[in-house]
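J.: The working numbering applies: residue 7 is where the sequence shown begins, and numbers increase by one.
Incorrect hints may have been included.
[To be verified] Heads up, simulated DSS-like pairs for lysine-lysine below, C-alpha to C-alpha not over 27 angstroms straight-line:
#1 K455 - K488
#2 K383 - K488
#3 K455 - K383
[What the hints assert, rightly or not] Have a look at the derived ranges for each label pair, beta carbon to beta carbon:
#4 D449 - G349: 31 to 37 angstroms
#5 N35 - G140: 46 to 52 angstroms
#6 T471 - T38: 45 to 51 angstroms
#7 G204 - A435: 28 to 34 angstroms
#8 H359 - T38: 24 to 30 angstroms
#9 T330 - T241: 20 to 26 angstroms
#10 A278 - V139: 39 to 45 angstroms
#11 S451 - G178: 55 to 61 angstroms
#12 G407 - D203: 21 to 27 angstroms
#13 P287 - G140: 35 to 41 angstroms
#14 T324 - Y389: 52 to 58 angstroms
Keep in mind the hints are simulated off the structure, nothing from the lab.
Using N, Cα and C, we set each Cβ at its ideal position, and we do this for glycine too.
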Amino acid sequence: MPKRARLAAALTLVTAAAVVIAPSAAAENPITFAPRVDYPTGNHPESVFSADVNGDGRPDIITADRYQHALSVLLGTGAGAFGSASSVYPGPEPTGLAAADLNGDGRTDLAVSTTGEVSVLLGNGDGTFAQRVGHAVSGGAEGVAAGDLNGDDRADVVVSRPEGITVLLGNGDGTLAAGTDIAGGGYSRGVVLADLDGDGAADIATAGFFAGTVSVYKGAGDGTFAAPLAFPAGTNPIDVAAGDFDRDGVIDLATADHGSGTVTVLSGPSYASPVAIPVGPNPYGVAVADLDGDGDADLAATVAGADSVAVLGNGDGTFTPATTLGVNTWPTEIHAADLDVDGRTDLVTTNRHADGVSVLLNRTVPPVPPTADVSVKLTARPYIGLFVSQINYTLTIRNSGPDALESGSVTVAIPRYARITPGTGCSLAEGVLTCSTGPLAVDGSVIRKFAHPVNPLAVGTLTLTAERTASTPADSNPANDKSRSECAIFGIVLVACR
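The whole structure should be built from the sequences, with the hints applied where relevant.
T.: See below:
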């Protein structure tokens, strides 16, 4: 498996991974969520994640309950509802949570950052977990993420610490190798894995709470990382997320700035020009997802001081004034997932002062993707001259809507014995004539021409078929994608086309 594919697979189940969403030109609909539904957890929930931990195909919710010294597991009962919380993992105060298959058995396991270690809980596949196994982390762990950091198809773990990060490579059996510390400073809190430089290797970004920066650790692909590069964010950034916000194919970063009441967006690959977006008092967590179904990455941030979630995003790197969603008291972390399996991304927040979670089910009406009905018409007209005879072909490409055409291509397979002279907008390569068009308004058309010289001694039939082979947006009526022309040739004496 190529390194880039391994990275994508490894980042499927992690606490925070980059979100890359295929762009769409569909018209947006207003983001709408059902009223929140609250579920109790343990005391002081600090982190939240969603995964199917009992193998029934329904997403479940897991929270790290710091002052309970435990995790809460809420099994999904269907349609985005959840059962009562069950408590697992008695141990040190949990501060962060990641889910991944750490031992390769196809079941969801958990990695938990704590005040003194990172704990691994192997899943039994029925919603229960084996007893935790602790791995020491110097200075205490804050956030945690899991993914393949060294290209061996095994899940590894990284934790953020006040002094930097610790990387613990997975052995593939649920155990972790001794951690490697990398100094970073700034009191690292949130942590995210993403390929920030496009080399196929996982990089690491952390939010530096006291430094007001994002630290980026470039990965070498073998589990080692360079010393961090620091980029300015807002005041007291407490969480960080990654995604392609401006559709340029480069991963960007966003922070929740607890002290300045902003979400700061840092566009990659330079990350040098932060843009602060006011969202309200005391932002805490930030997540990236397509919330309105338009194919573009949106942002959702918890606003702890306003007991709300701010949703923003235009899909071009700019962000609208936030849509505000009410949740319970003092929301901290936020996780985006399809909790009711309806194809729309939902949200769940931990609410520290309410000892519970708020589930927000997405009710946004998905946009209707644009379509353009491209029709193809090929006509042939013989020209019999004194010295030169040829068949002149006219190819008409028309857009019948209902939306504008961005681009299109029509191809014609040329028989081996035919000699085609392409005109403007057409090219001939390896026996295939390709004619293209740029943007066309509704009811607009473009004409492409080409010719076939007639050999004075030629006798036979020349049949050409033009076919639409590509167009953007999608074609809505394939019935008119083809057009055929047939010419009977008897030297230069008679050429008849239909």
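J.: Now tell me if each hint is right for this structure.
T.: Hints versus structure:
1. K455 - K488: holds, 16 angstroms
2. K383 - K488: Distance of about 7 angstroms is within 27 angstroms: holds.
3. K455 - K383: Holds, because 12 angstroms separates the two Cα atoms, which is no more than 27 angstroms.
4. D449 - G349: 31 to 37 angstroms: holds, 34 angstroms
5. N35 - G140: 46 to 52 angstroms: holds, 47 angstroms
6. T471 - T38: 45 to 51 angstroms: 47 angstroms Cβ-Cβ, so the 45 to 51 angstroms window holds.
7. G204 - A435: 28 to 34 angstroms: Holds, since G204 and A435 (Cβ atoms, about 30 angstroms apart) stay within the stated range.
8. H359 - T38: 24 to 30 angstroms: With Cβ atoms ~27 angstroms apart, the hint holds.
9. T330 - T241: 20 to 26 angstroms: This hint holds: roughly 21 angstroms between Cβ atoms.
10. A278 - V139: 39 to 45 angstroms: holds, 41 angstroms
11. S451 - G178: 55 to 61 angstroms: holds, 60 angstroms
12. G407 - D203: 21 to 27 angstroms: violated, 42 angstroms
13. P287 - G140: 35 to 41 angstroms: About 36 angstroms separates the Cβ atoms of P287 and G140, which means 35 to 41 angstroms holds.
14. T324 - Y389: 52 to 58 angstroms: holds, 55 angstroms
Violation of the numbered hints given earlier is confined to hint 12; every other hint is satisfied by the structure.
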